[in-house]
Amino acid sequence: MVAWSIIGLFVIAGSAAVYSMETILMPITLAVVVGIVLGRAADSLAKFGLPPIMGGLLLALFFVLGLASVVSALLGPMTDLAQKAPALAEGVVERVLPFIERFEWLRLAVARGTGNGALADTVMKNAGPVLGVVAAGLTPALVQTLIFLAALGLFLLGRLHLRRTIILAFNSRERRLSTIRIMNAIETALAQYFSIASLIYLALGVVTMLIALVGGLAMPPLWGLFAFVSSFIPYLGVTMMTLALLVGGLMTHEAILLALAPAAVFFVVHLVMENLVIPSILGNRLEVNPFLVFVAIIFWTWMWGAVGAMLALPLSLIAMTIFEEVREQQPERQLPA
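Quick note on numbering: UniProt numbering labels position 125 of the sequence shown as 125, and the sequence is numbered without any gaps.
Simulated from the structure, these hints should not be mistaken for laboratory data.
A hint or two may mislead.
What the hints assert, rightly or not - With a straight-line Cα cutoff of 20 Å, these simulated SDA-like cross-link-like pairs (lysine to any residue) come out:
no., residue 1, residue 2
1, K47, L57
2, K47, N184
3, K47, L58
4, K47, L157
Stated by the list, open to error - Restraint ranges, calculated between C-beta atoms of paired labels, are given here:
no., residue 1, residue 2, range
5, P221, V268, 31 to 37 Å
6, R327, I6, 19 to 25 Å
7, L149, M240, 25 to 31 Å
8, S15, N184, 25 to 31 Å
9, A218, F299, 34 to 40 Å
10, E274, L9, 34 to 40 Å
Keep in mind it's a predicted model, so treat the numbers as computed, not measured.
All C-beta atoms in this analysis are idealised placements derived from N, C-alpha and C, irrespective of residue type, glycine included.
Start from the sequences, fold in the hints, and give me the full structure.
Printed below as a string of structure tokens:
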């Protein structure tokens, strides 16, 4: 009981420390995860004569340039969307109200409010405070971005030295070999997950772009990009993307079936990829209990917000890999002589 009490107090204290140091720990953790993946890719480039350090920095440069290109491409459409948000919200409400009128209980629920335009008025009144909160969060986000970029570059520069230092910190040969196995297993798990998931989610983004194009939604490439990024957040990503497509369909089409079609098709395609395509490719190598993944997403979202939700599955893979490597192996049963 004393031992479990100490462990419980340590977990509570550690969680409080992680929560309070979000500004520093979140970008550093993200940099380490990205650095492990890029470092593994740099080791593959070493076969062509490129030193691992130079390969890692080159891949990091491409990663940062790609990220900057995505942000630059999204800046214009997102600014335009923010300016049109009140009008768009009012248009969605006007399109949804005729559908609500068909159901007695929904009509009564709306009637209990301050009127049919209550929702649109509420959105328009709160648009200013919401934009103010977003603007207030830009400065911490900028600081965290700088910390992430600095941590990523320094991690890739000293990755091999840090790996050697950790291994040599153990005295016995068995513990050093166990540490090497754990590090290799973590790098392999993260590299396999991100490489395969990126290709599959890239295909999903292309399919979503085609869905938006056929469905008549504005800016189809933007929908494809959102689908690609949101897919890295298990459960929450597909939910947010489906709701966004639903709102986009309601803003575009008068007919309910046409409005629901893009969201329904995307949900089915995502469901097939998550439950058939990815398991058939990865097999059982990276299988994590769905309930544990859900708990991890809730925990890390509460801790670090959207970035924490994206890191939930990689951190779960790291924890699962360490657990699988350090747990005691059961001795093989021998047949009696």
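Verification of the supplied hints:
The straight-line distance between the Cα atoms of K47 and L57 is roughly 16 Å, inside the 20 Å bound, and the hint therefore holds. Simply put, K47 and N184 have alpha-carbon atoms about 18 Å apart, close enough for the 20 Å limit, and the pair holds. Restraint check for K47 and L58: satisfied, since their Cα atoms lie roughly 15 Å apart, inside the 20 Å limit. A threshold of 20 Å between alpha carbons decides the hint, and for K47 with L157 the separation of about 19 Å falls inside it, so the pair holds.
For P221 and V268, the hinted distance range of 31 to 37 Å is not satisfied, since their beta carbons lie about 22 Å from each other. As the Cβ distance of R327 to I6 is approximately 21 Å, the hint placing it in 19 to 25 Å holds. Checked against the given bound of 25 to 31 Å, the beta carbons of L149 and M240, roughly 26 Å apart, stay inside it. At about 29 Å, the beta-carbon gap between S15 and N184 stays in the expected band of 25 to 31 Å.
Checked against the hint of 34 to 40 Å, the C-beta distance between A218 and F299 comes to roughly 36 Å, which is consistent with it. At roughly 38 Å, the beta-carbon separation of E274 and L9 lies within the given 34 to 40 Å, and the hint holds.
Consistency with the previously given hints fails for number 5 only.
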